[in-house]
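Position chain B relative to chain A; hints supplied.
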Amino acid sequence: MGKHVLLVEDETNIIEAIRFLLSREGWQVDTHSDGATAVEAVRAVQPDLLMLDYMLPGKSGMEILKELRADPAFTKMPILMLTARGQSRDRDEAERAGVSRFMTKPFSNVEVLTAVRDLVQLAR
Amino acid sequence: MTSVNQLVAVSLAYVAFLFAIAFFAERAAARGQGGWLRSPWVYTLSLSIYCTAWTFYGAVGYAARSGMEFVTIYLGPTLVMLGWWWILRKLVRIGRAQRATSIADLISARYGKSNLLAIVVTLMAVVGVTPYIALQLQSVTLSLGAFAGPSDTGALTNPASAFWVAGGLALFTVLFGTRKLDANERHSGVVMAIAVEAVVKLVALIAVGVFVVWGIAGGVQPMLAKIDASPIGTWQIDKSRWVALTALSAVAFLCLPRMFQVLVVENDDERHLQIAAWAFPVYLMLMSLFVVPIAVVGLDILPAGSNPDLFVLTIPLAEGRAGLAGLSFLGGFSSATSMVIVATLALATMVSNHVVMPVWLNAQGREGALVSGDVRNVVLLARRASILMILGLGYLYYRFSGGGAALAAIGLISFTGVAQFLPALLGGIFWRGASRWGALAGLIIGFVVWIYASLLPSFGPDAAMSARLLAEGPWGVGWLRPQALFGIEGLDPTVHAVVWSLTLNTFAFIIGSLVTFPTPLERLQGAQFVNVFELSGQPREWHAAMATSEDLMIMAQRILGADEARKLFREEADRQGIAGHLPEPSQAFLQRLERELAGSVGAATAHAMISQLVGGASVSVEDLMAVADESAQILEYSSQLEAKSAELTRTAGQLRTANDKLTALSVQKDAFLSQISHELRTPMTSIRSFSEILRDTEGMGQVEKTKYASIIHGEAIRLTRLLDDLLDLSVLENGQVNLNVETGRLEDVLEKAVITAQASGSGALAIKRRRLNEAVSLSTDLDRLAQVFINLMTNADKYCDAEHPQLDVSVENRDGAVCVVFFDNGTPIATSERDLIFEKFARIDGTPGAGAGLGLAICREIMTRLGGDIVLDPTQDGNRFVVILPAQAALAAQ
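Just so you know, the sequences run in chain order A and B. Residues in the first sequence are numbered consecutively from 1, following this note's numbering. Residues in the second sequence are numbered consecutively from 1, following this note's numbering.
This is chain A alone, in the form it adopts within the complex (with noise of 0.2 Å):
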């Protein structure tokens, strides 16, 4: 298993945070940042690990989750989600539509690697 990430992200200082720390560790991080054409942006990048942001403009986080985990291609795809709304109300819903692991911001930098190193050992 490769390590691909997808970063699904409209803040660009985050994204740029989050590409630095990856790459440092040796992936491959692909960035989209709009929410209505990221499920198109899944299933082109194919990644090893999908990291989503909650609220996307287009169409949000949860949304996109959604259709992922119903897509059968899709259901074991290790998903990291972020999130700055901060509500426990989302992670229940984000827990129930199947997210891997569900992280509020802001974070820590070795949280986010631990999390990401985590997921990919279990998807292994």
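Where hints are given, some of them may not hold.
[Stated by the list, open to error] Derived DSSO-like pairs (lysine-lysine); straight-line CA-CA distance at most 30 Å:
| no. | chain 1 | residue 1 | chain 2 | residue 2 |
| --- | --- | --- | --- | --- |
| 1 | A | 59 | B | 798 |
| 2 | A | 66 | B | 669 |
| 3 | B | 707 | A | 3 |
| 4 | B | 669 | A | 59 |
I should point out that these hints are in silico values taken from the structure, not numbers from a laboratory. The structure displayed is predicted, hence computed values, not measured ones.
Chain B alone, transformed into the frame defined by chain A:
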């Protein structure tokens, strides 16, 4: 010759026999075996108390003195029974329907349960009947005297024997009239004893008659010859007396309290009247059959000066027929005792019910009436005391009137007295307009005229009235002479008294009724009396009962509902062991039904309804008042309920609205918190992440270090601005903002705003001012207004996506208001989003930017505070924001 002692012994044995009959009759009735007691023949015979000793002995005396006139005494009742049968039937029906206990009770019930009327009637009855009772005592004493021997005059008026007679009768009446308290005041034992006495007196009189005709005169033909030869046959008939006396007897038959007792109160079945209607006249005819022969023979064979009133006794005695004389004595004794017993019973009922009990209850206060056991004993005691009192009065009257002629005439005088009840009685049952005051006026005036014109003069000149008053009138006023009222002379005194008392009585009654207004209860009772046949349905009792059950069912269905009512009735029918669903309207069932109904409509209404249907106890004033109260309470209660219901509906509506508002607010709050959280956490994420990178990454290049530090710096500024905006908005929204109102010129405000916007902007945006119309004087918070202008310009700088972003700023007059227009050349905001952009955190999708989406919300808050507005005009090209200045702020427009 039979000794007086023997006679007394026989009398006592006879009384003991009567006791036994009354006792067994009562016991049979109590065991429910008294069917034979309820025979119409017993009823008919009980009516014979009309024939008192006055008729038994007196009729012969009357015939001996006045010829055929005695027949009027029998003719009156005969006419009533044959011709006025329908009046009797109505009286009986009403009396039973109203559970009348006496004539006083019936009259008072008719006129709105007036106890005053009852007292007046009771008083009149006592005054009118007491002499009559005295007459009976006298007859018994006289008849005893006759046995003692005509020469023994001392025994004729022996007060001691009269006293014992009165005492014995009182004892008998107390024992059988008041042994128990019957709701209907029926006395089956007494009635049975009276019926036996009726047979005894008839048999005795006929036996004497047969003896006289066949034993003395020698057959029918010689008897008729004797009659033709006697002065009786030659007596002229006084037509006015005949008419008056016949009418008087008829009226008395209806009005005498004792006749009311046996006719109405003791009546078991209305149908008995049908038999009595012919059987009683036959009885009267038999009673009168031998009156003339006895009188003629008595006048013929007995020495002149013999008392013709005692011929019935003295003829057998003179002929040495002791046994026949004894039988005759028992006949007279029966006549006297039966009358005294029933009359006393009737009067005692009236006195105790209408005089003693009200006084006692008043003395006791209301609480006393609630203990029923107590009251029953008190009623019995009152009844017994009344019996003793009335017999005592009769005895005293006998003692002090001295007997003799005054007493002999008392029969007709007594009739005239009680006849005064007639207008109130007949008017009451046939005329709905009859009123209490009319009845009272008629009764009192008739009574006074009777006392003045009949009772007092009857004692003879200088006894109760002076001879001078009789001859010249009071104070010499001729037309007030007691026996020649209004100057009408030459009339027989009895006729005179009857005509005047009844005429004035009737007039007073009619006029009194016409000029007074009946109370509601009188109207109600009047309707129940006058329309008794329509109200009480079929005369046959079982029919009435069935109809009542059906009526009750209909009423119960209406109130309880069909299913509930049917269930109740079926249960009761089962309990009574009757197939079907209509139970007998027994007392227990009626009480149960009343309770059930009371649960729905209130006790008073339920009682009134059942009373109406069953036709029993009438509706009292208290009932009506209670019904009215209940209705009022129900009305009040229902209107309160309605008000409460409306209030509840209103409150529920308010609550729903409030709840909706709160829900909406809660949703808004959640959304707002999520937004705030997002807006705060996003820059913090970058700050934290890059600061960790800077901290943890060794050997990072200077360029990278500077770049990441700049990101941290920028995000920190973004956070600060967000917090500023949030605080600003919060202050504006809560109305806590203090406006700093100054005067200034619009062009100056715009100038300052443009400079500020350009200084902080990207520099790409070209701001073009059309300086036309800018010369406007303002009086408002100029800094806040400038803030709005700056915000609009920085927005245009940030979001205008044209190749050469441009913003036209112009001042227009729109509907008299000064408007500042900011028109950029970017992509027009979609119509669907035009309303949203002034909301907090509203950001157009697909336009990522640094703003939190609070700027326009702040602008709108500011303009609202200043009294103006901000809108986005619909346009085809670009976006046209219009700031409408407050009217008063721009009043100084130049």
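Item checked: Indices of hints not satisfied (ascending) -> The structure breaks none of the hints.
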